[in-house]
Amino acid sequence: MTMTPEELAARKRRNVWIALGLVAFMVLVFATTLLRMQRNLHAQQAIDAAAAQTSSLGPQAPAGQVIVPSRSAPVMPQP
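Residue numbers for the sequence shown follow our numbering, so the first one is 10 and each next one is one higher.
No lab work stands behind these hints: they were computed from the structure.
No experiment lies behind these values; they were computed from the predicted model shown.
A virtual CB, placed ideally from N, CA and C, is assigned to each residue, including glycine.
You may find that some hints are simply not true.
[As the list claims (entries may be wrong)] Label-pair distances were calculated between CB atoms; the ranges are: (1) Arg22 x Gln54: 30 to 40 Å; (2) Leu37 x Gln62: 52 to 62 Å; (3) Thr13 x Phe39: 49 to 59 Å; (4) Gln47 x Glu16: 38 to 48 Å; (5) Arg20 x Gln54: 46 to 56 Å; (6) Met46 x Ala19: 51 to 61 Å; (7) Arg48 x Thr11: 27 to 37 Å.
Given the sequences, and given the hints that come with them, work out the whole structure.
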């Protein structure tokens, strides 16, 4: 069975539109991935900045202990 020239042209147009749809989907997935990676990078930078700021505030107490000024009475941690 041979196809008419009109049928061949229609098939070619369909194939072009399918290819364009596939490329558009690939661009959408790439852009979404890139934006998510960028958002995660900014979030990690904010976490690192907050950690650096808290570490520069002074000595940190071990878990379950509280650092108190030298002239005040010790404070018991609340459970």
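Could you check the structure against the hints above and give me the numbers of any it violates, in ascending order? 1, 2, 3, 6 and 7
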